[in-house]
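Participant: For the record, the sequence lines run as chains C and E. FYI, the numbering for the first sequence is 6 to 249, going by our numbering. FYI, the numbering for the second sequence is 3 to 125, going by our numbering.
If you are wondering where the hints come from, they were derived from the structure by calculation, not from laboratory data. Be careful, since some hints might not be right.
[Stated by the list, open to error] Stretches of chain E that chain C covers, calculated by requiring three or more beta carbons in the stretch to come under 8 angstroms of a beta carbon on chain C:
| # | segment |
| --- | --- |
| 1 | 4-17 |
| 2 | 23-30 |
| 3 | 96-110 |
All C-beta atoms, glycine included, are put in the ideal place defined by N, C-alpha and C.
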Amino acid sequence: MTPPNKSSFVQKLTASAQKHAEELFEQNERLKSLVASLEEKQTQISEELSSLREERDALRAERGKLKHVLDEALAQNRRDIERSALVEQQCTSLANLYVATFKLHGSLEREDVLAAISEIVVNLVGCESFGVFERSGGALRLIGEFPSHPCGIKEIPADSGFVADIFQNNGPWISGRDPLPASPVPQEVTAVIPLRLRSELTGAVVLFSLLPQKGGSFGDVDIELMDLLTAHAATALFASRTNA
Amino acid sequence: MSKKTLLVVDDSPTALMMNTMLLGRQPYNIVSAKDGQEAVDKAIASPPDLVVMDVMMPRMNGIEACRALRQHESTRLIPVILITTRGEEEYVAQGFAAGCNDYVTKPVNATELVAKVRALLGE
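Full structure from sequences and hints, please.
Facilitator: Now the structure itself:
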C-alpha cells in the first residue's frame with residue numbers, strides 16, 4: 006500500500022474546507038434573506054397590529070356610546086313602565102269611582118241603594134264586616150249590615166259621640182291613620198265614613214273588619230271611594246227615602 | 003286575528019260592571035253572566051276563551067260551576083280564574099280542587115287580573 010501523499014492530503018483538506026465555507030456562505034445568505042423577510046413581515050404585522058389597535062379603540066369608544074344609549078333607553082323604558090302602571094292605577098281608580106257613582110244613583114229603590122253601598126264596600130273597598138246607619142231624629146240607626154257586625158251597635162247618637170266628632174273633622178276616619186276623636190270609639194271599629202248631605206250628618210257607614218288580604222290598611226283608591234260615599238251615598242239614601 | 007272572548011261571572015252588579023270595565027279595556031269580547039248556572043249554560047252554548055268567575059253566587063256558586071265546566075266535553079279545557087273573597091289556603095284549595103287554573107282575591111287588582119288573564123291565554 007502506497008503511503009498518502011502529504012500534498013494531496015492538504016489539497017483535499019483545502020478543497021473540503023472551501024466547499025464547507027461555500028456551503029456556510031450560502032446558508033448565511035439564505036438566513037440573511039430569511040431574516041430580511043421576517044423583518045419585513047414583522048413590520049407588516051406591527052402595522053396591522055397598530056391598525057387593529059386603532060380599530061379596537063374606536064370600537065371601544067363606540068361600545069361606550071352604545072352602552073350609554075342603551076342605559077338611557079332602559080331608564081326611559083323603566084320610566085314608561087312606571088308611568089304606565091300609574092296610568093293603569095288611575096284608570097282603575099276612575100273606573101272604581103265611576104262604577105260606585107253609577108250604582109249609587111242607578112236606582113231610587115231603597116233596597117237597591119243599600120245593595121249598591123254594600124257591594125261597593127265589599128267588592129271595591131274590601132271590607133268583610135260593616136254597618137250602614139241612617140239618621141232618624143237624634144240618632145243614627147242601623148239600616149243595613151254585612152254580614153253581621155261584631156259589636157252589635159244598633160244605634161249611635163247623631164249629635165254627640167264618635168261619629169259626630171268624626172263628622173266635625175270632615176271624615177272619613179281611619180283607625181291608625183287619623184287621630185282618635187274626642188269620644189271613645191268602639192274597639193272593633195276600623196273606619197267610619199260619615200254621610201253628609203249639604204252640611205248635615207245624615208248617616209254613617211261603619212267598617213269593622215277588612216278582608217285578610219287587605220293587610221289591615223287602606224289604599225288611596227279606598228280613601229277616594231270613602232270620600233265618594235260620604236257625599237253620594239247620603240244623596241242616594243235621601244233620594245230613595247224621598248221616593249218611598 | 004279575531005278577539006278572544008272572556009266570560010265574566012258575578013252576581014253583584016257592581017263587581018260585574020267593574021270587572022267588565024277592567025277587562026273591557028283590553029282587546030277582548032266580554033260576555034257576562036250573573037250566576038254559575040248561567041255561566042255554564044252560556045259556556046256550553048258558545049265556549050269562551052277564558053272564564054273569570056266569582057266564588058260566592060246564588061243558584062250555583064263558582065266552585066260548582068267550575069266543576070261543571072270541567073265535566074263537559076266542550077268546556078273542560080277552558081281556563082278559569084276564580085275571584086275569591088277570602089285568600090286563605092283552604093278557600094283557594096277548594097278552587098283548585100274544582101279545576102280552576104288561577105285565582106284573584108277581592109278587591110280585584112286590575113293589573114294582577116289582566117296579567118293572569120294574559121298568561122292563561124298565552125299572550
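Participant: Give me the numbers of the hints this structure contradicts, sorted from smallest to largest.
Facilitator: Structure breaks no hint.
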